[in-house]
Every structure is written in structure tokens, then in C-alpha cells.
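So the sequences go chain by chain: B and U.
Per our numbering: the first sequence ends with 403, consecutive numbering throughout.
Per our numbering: the second sequence ends with 403, consecutive numbering throughout.
Keep in mind the hints are simulated off the structure, nothing from the lab.
Everything hinted at is true.
No more than 30 Å apart at the CA atoms, straight line, and that leaves these computed lysine-lysine pairs for DSS-like:
| # | chain 1 | residue 1 | chain 2 | residue 2 |
| --- | --- | --- | --- | --- |
| 1 | U | K197 | B | K197 |
| 2 | U | K155 | U | K(-3) |
| 3 | B | K46 | B | K197 |
| 4 | U | K197 | B | K(-3) |
Protein chains: 2
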Amino acid sequence: MDIKSYIAEKGKKAKEAGRRLATISATIKDNALLAMADALEREIDRLRAENQKDLEAAGKKSLSPALIDRLTLNEKRIKEMAEGLREVVALPDPVGEITRMWKRPNGMRVGRIRVPIGVIGIIYESRPNVTADSAALCIKSGNSVFLRGGSEAIHSNKVIAEVLMEAGLKAGLPEGAITMVDIVDREAVMEMLRLDRYIDLIIPRGGEELIKTVTANSTIPVIKHDRGLCHTYVDEYADIKMAQEICFNAKVQRPGTCNAMETMLVHRNIAPGFLPGMVVKLREAGVELRGCPRVVSIDPSIRLATEGDWNTEYLDLILNIKIVEDMDEALRHIEAYGSQHSEAIVTNNHQRAMLFLKEVDAAAVFVNASTRLHDGGQFGLGAEIGISTTRIHARGPMGLEELTSTRFIILGNGQLRS
Amino acid sequence: MDIKSYIAEKGKKAKEAGRRLATISATIKDNALLAMADALEREIDRLRAENQKDLEAAGKKSLSPALIDRLTLNEKRIKEMAEGLREVVALPDPVGEITRMWKRPNGMRVGRIRVPIGVIGIIYESRPNVTADSAALCIKSGNSVFLRGGSEAIHSNKVIAEVLMEAGLKAGLPEGAITMVDIVDREAVMEMLRLDRYIDLIIPRGGEELIKTVTANSTIPVIKHDRGLCHTYVDEYADIKMAQEICFNAKVQRPGTCNAMETMLVHRNIAPGFLPGMVVKLREAGVELRGCPRVVSIDPSIRLATEGDWNTEYLDLILNIKIVEDMDEALRHIEAYGSQHSEAIVTNNHQRAMLFLKEVDAAAVFVNASTRLHDGGQFGLGAEIGISTTRIHARGPMGLEELTSTRFIILGNGQLRS
Chain B
-14 MDIKSYIAEK GKKAKEAGRR LATISATIKD NALLAMADAL EREIDRLRAE NQKDLEAAGK
46 KSLSPALIDR LTLNEKRIKE MAEGLREVVA LPDPVGEITR MWKRPNGMRV GRIRVPIGVI
106 GIIYESRPNV TADSAALCIK SGNSVFLRGG SEAIHSNKVI AEVLMEAGLK AGLPEGAITM
166 VDIVDREAVM EMLRLDRYID LIIPRGGEEL IKTVTANSTI PVIKHDRGLC HTYVDEYADI
226 KMAQEICFNA KVQRPGTCNA METMLVHRNI APGFLPGMVV KLREAGVELR GCPRVVSIDP
286 SIRLATEGDW NTEYLDLILN IKIVEDMDEA LRHIEAYGSQ HSEAIVTNNH QRAMLFLKEV
346 DAAAVFVNAS TRLHDGGQFG LGAEIGISTT RIHARGPMGL EELTSTRFII LGNGQLRS
Chain U
-14 MDIKSYIAEK GKKAKEAGRR LATISATIKD NALLAMADAL EREIDRLRAE NQKDLEAAGK
46 KSLSPALIDR LTLNEKRIKE MAEGLREVVA LPDPVGEITR MWKRPNGMRV GRIRVPIGVI
106 GIIYESRPNV TADSAALCIK SGNSVFLRGG SEAIHSNKVI AEVLMEAGLK AGLPEGAITM
166 VDIVDREAVM EMLRLDRYID LIIPRGGEEL IKTVTANSTI PVIKHDRGLC HTYVDEYADI
226 KMAQEICFNA KVQRPGTCNA METMLVHRNI APGFLPGMVV KLREAGVELR GCPRVVSIDP
286 SIRLATEGDW NTEYLDLILN IKIVEDMDEA LRHIEAYGSQ HSEAIVTNNH QRAMLFLKEV
346 DAAAVFVNAS TRLHDGGQFG LGAEIGISTT RIHARGPMGL EELTSTRFII LGNGQLRS
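Chain B on its own, in the form it takes in the complex (with noise of 0.2 Å):
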């Protein structure tokens, strides 16, 4: 069979797949998902068998050993995944709720209830648990998923797949719930992107190059999950020692994420009282400064920050340092460089936290917390697909609700047009 018909194929039995899972109880959905923790467990030794296929061609291509510790499935991964999964059971079903009803003049009543989008097509790189993360999030939310991992992870990805399955199937799900594309020909990620009539929404998780393909080729809705680039503004009214320890945390705790900051400005007044611990701080944890001119004259030891420096996502330990004439030169700084994902700003001045709050354009716009806690499960929503930067449906993670969208229902007694 050629690629075409091969992915027109999957896309149709997911699409049927859907049709069915949009209407299931929850308590089947859930069954389904903890028999699928169950027999990820249960499978580890299938599981790292396959695993270690992957592992083998990676070596043999001699990726960095960064990579390959992402890719590799070991016991406690395996058993992090089947916790996952359980995670998202615990989770209400978003399916069915009436969100708003209301009566018009006439007498008759509309309201919005929740459903599942349908087909959710996800395309990814790298970290195979992504595979069981995606699979769990979109059933439990009436959708069924049509993935297409790395090639790097096709075995890993494959396996896991198939152990969903077999364990869903005998719990009830229909055939096509989970549909993994298991060709390594970039021509299956063309034809999946143009498979309108079956899938509704395409998800890409990767580096910008995967994001800017999927973007320009998809007819399919996608709801992008792009880069961070990150700021906090510590303003002139901030605490000292809550800014040190915000600043500390966005840059430190985590530095390759999305929601890390990449940038620190330091109004005028405060940076004289503010920057010295700071740098000291960051430096003890081994992060690289690079400065505005205006940092550098009190610190020559910092590096001056280029024009690309302010531009870069640096998922390191490397931090920009700009002191802002007022908070103004802050808010054109972000507005011209920021790329309106987290955001944050420390202050005690009750005016100018309104103020951030409304000026700054991001999914999430901090007051006094690090922007590493811009994350669904931190934000209670459960367990997320990732972090959307696109504008419509969902700014921000995307948990179980934003996987579904809601249409109108209408209750009357014979009205009509008029």
C-alpha cells in the first residue's frame, strides 16, 4: 500500500474511533486508562526490548548523550509513564458538562455543552513517554489520537503504542483510539497534515524547524506549542529577597524549559540594592550574565549582551541583565522581544502590578512567582499536552478541557423563525 492510502486508512478508523469515544461512559475510559498503566508494567521487558533497538541506531549515529538519555526507557520511567496515566483517571471527565444554559425570550433554552474535538493528531520528537502522556490526556477527553513520533524513537514509540492498545481494546475502547504512524518517510507527516476530513486539530511539540513544517503545510487547525522566551521585571517597589529568590528560581530550577527566563530587568532605582546579591547568587549556581552597557559599567566582568543575546532562547544557564530606565523601557522591552508566553513582574506597588497585568501580552502573566510554575499541573489543571502559544482556543497549558470544545444545544416547545 502507498503512504497515501496507508495514512487515509488510519486516519479513517481514527476518525470512527472518535465517533465512538466522544459518546463512552468515563467509567470505561478510566478502566481502560488504568489497564493501560497495568500493562505498561507488566510489559517492561517488551517494552525496554524494543527501547533498546532505538538505542542502538542512536549510538550507532552517535547523537549527544543528552539525547539519548532522553530517549532511553529504563524500570523507572516505564513506571513514571503507568503513574501518568493513573494521574489522568483521577482527573473529572470534561466530557458532557453543560458549561452555561440560559432562556430566551421565546421560551426556549440554550446552552453550550462540552465535547470532544475528534481526531487529534500529534506530531513530536524525541521523549517516547510522550507517546503514553498524549494517548492518556486525548482519550480521557472523548478523543482519539493519531501520533507520529521521531524517527529516532519509532521503535519505543511503536511498542508503547501497541501495549495501549491491546490493554484498551480488551477494556472496550474501539479499534483506531490510538493510532501510532509507524513510517519513517517524511512523505506519512506531509500526508497526515493534509488528512482534513479525518483529523480536527494537529498538535506539533518539537524545536522551531518541526513547528515552522507543520505551520506551513497543514490544512488541519493547529494549535502551535513554540518557543519561550522569557522576562521578569523587577520593579523599583519590589522586595529584595522575593525578587533574588523569583529570579533565582526562573533561571535556575530548570533552565532547558520553555517557561525558564532568559532575560532579567532591573528598574534603575532598585539595581543598586538588587543586582549585586543577585549576581553573586547566580554565579554560585554557575549561570553566565551577559549585560546591558549600563550593567557592565557597574560590573565589568559581565559580558556585554548582543542584539542576537536580548533574541535567544537560551534553555541554559545563561541569563540576560537589562537595567530600565522606568517601567515603561520594561514593557516596550518585552513587548519587542518577549515572545508572549510567561512573564512576570515583582513589585509591592499595587498600580503597577494592575498595570503589568493589563499591558503585557503573554498566555500567562505572573505577579510576585517564578515563571516556571506556568504549567497545568501547577496551575491545578491536571496533566497537560503541552504549553500553546497559538491565540485562539487555548493560551496556555493545554489540560483536558482545552482538548475538547463545546457546541449548543437547544430545548424548545415548537419555536420558530420569524
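Based on the hints, put chain U in the right spot on chain B.
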């Protein structure tokens, strides 16, 4: 200037305007809309003179009388456009509403706040009133609007946008709040669809060909306003008089609209009591009937429907009728042929009503009411920019709220990620 730079230049201005509109007060927006309404009424002669150019060109191209009628701007229609603007003023401003706020165990408050999307691109055909309607809805919801109307209405669209912007600028709107692409060349649309750095959402309004082109070429998220192939299922437990009134209204009241009924499904047990009277009523209104073999065997004067007929959105006084064995056959027919737009059941049986609401996948599902009521105004949402058939962000009427999304705001007192 070449088309690419021209569109990019306009897009950049629209983006800047969108940023300013996002935080402008409701009073300024409302006053601007009122000034625009007054300006339309004051400039009737100027609008009609430009419209005359389009009408003359249409005459030369011998467009159909129906199309020429849709294109015509007379005094009554211009006043209606102005009234439309005033109705939008009367609606509440959706921007800044905190839709939910909750507290996390670590003490931080997390909330969702309604914000504009940014720049809305609208690509539409024919009726020039769409220019004013779309501009009003986008501005009220804090978005700037990037319009591209049909070439046959170019002079009318251009002058409407000019009159609106003249009044808007005087009332404090930013330059670029309303942009009209006045290049007829199709390449201008293509450039617009690739302007993802400036335009945040594309809404195509028009025929299937337009929607296909937009979907295939846009790198910007698209919310489609696609066709409606709508059914009414008359259940065996329907009130016959109510069913006849609802079906008559759904077919005859305005057959050219996307929420009009195209196929009537009748339970076999109610057909003898329901159909003969219904057929007389429909025929009196000039409706041409096409039926399944069973319908034709009862009334041989009805033409046998072809497979193509069940798949056709007539938008005209033509109706398919099918007698079904049971409700399940009706559900399967709707699943196979429906366009997930508007679907209705007429029944007095509660279980049947609930089953229909649960099983039928459409933007709006009706119990005992006419599908013609699928409309933002009828639902109480105020004016709408169209009816979305996309499965994310908004299904059904897109009013002011659907022209916004939400972002997260976090109020902390030093919270960190551990």
C-alpha cells in the same frame, strides 16, 4: 511597491493597532462605533457613488440579477449598516472579564482573563455590508481587522472602510484599526494568508471554493464558515402539528441560508399521519420534493431522490424526504450526510430527545425547534461574524466572546517551583 511589501506593510500597522486596541477603554470603542454609524448615514451620497462603479462593472460582466441585488447599496441598506453598528455598541465589552479565578495550595491565585485575539483577517465575497459588520465586531472585541472583500464590490468596500476609518480616527482609534486590501490581484490574498507574523486568525466567508483555497494556503489559523446540510428528524412520538410547523419553517422561511433544512427524516410510524398534510403545505409554498423509494411509493408524484440529492445543500425551495425504520436509521443518515451544522429532532419522548442531543455531532442540536434559529441573535449572543463549522475555538455562532480568547494571570507572594 510590490504586493508582498504592500501587504506586509499593512499587516505591520494592523498589528500595532491591535496592540493598542487591546487595552483601549470600552467608552472609546463605543464612541468610535457610534461616530462610524453617523458617518455612514452622513456619507450616503459618497457611498452610493462608489457603489455605482461596482454596479456598472457588474452590469458589463452580466452578473445575475440576484448577485447585483446583493451588491447594491441603497439608502435603506446603508441605514441598516449604521443600525448594525449601533447594535454592537449596545452589547457588553467582552475584554477584561475574569472568567474564573481560583487559589492553589501554595497560596497563589490563578485566573483566566478574556483578551482580544489580535489581528483578525476576514476574506469574504459579495455583500458590502460585511465590511461594516465585521469591522464593528472586531473593534468592539479589541481586535484590529484586516479585510479582503470580493473584487466585484471593491469600490463599495473601499469607501465603506474609508468612511469608517475617518470617523474612527477622529474618535481616537489607532491608525490601522481597519485595513481594507484594495488590490484585486489574487496574489494579495495569498500574501495575506502567509502573514502569520501579523495576522492571528483568518475567517473566510463565502463559497466552498474560497474556503478550500484559504484552508489549503493559510499558515494562519483558520475558522471556517462552511456549508450547512441540515436535517430535521420527525420522531414517532412527535406532536404532528408542531412537527409540521417546525419543518415548514426550517425549509421555507429563508431557504437560501446555511441553517435551512435540506432533508426531512420521518419515522415510519408517524409518516401516515404526518406526511400527507406536510406535503400539501410544502407544495403550496412551491417546494419541490424528492423522496426515498418508500416516500415515492406512497406519493408517486414525488421524484425519486438520487444519492447526490442526499448530499446536496440546495439553498433553495427543494427538499429531500426519507422515511426511516427507526431512530437509529435517522442518526446514521445524519452521520453519513450531515455537515455538522444544525440538526433537529421533533419528539415528545424525553429519552429520544436526550439521545439525539448526545449522539448527534453538530455545532447546534435542536429539540422541538426550527434549525433556522441557529443564529447569534436568536441565541442571545448579539451580532455574529458568522457560524463556525470548525471544531476548535468556537463552534456555531461567532459573536464578540468568540472573537476573544483567554490568558492566565497569576497573583503570588513569592511562589517558586520546587
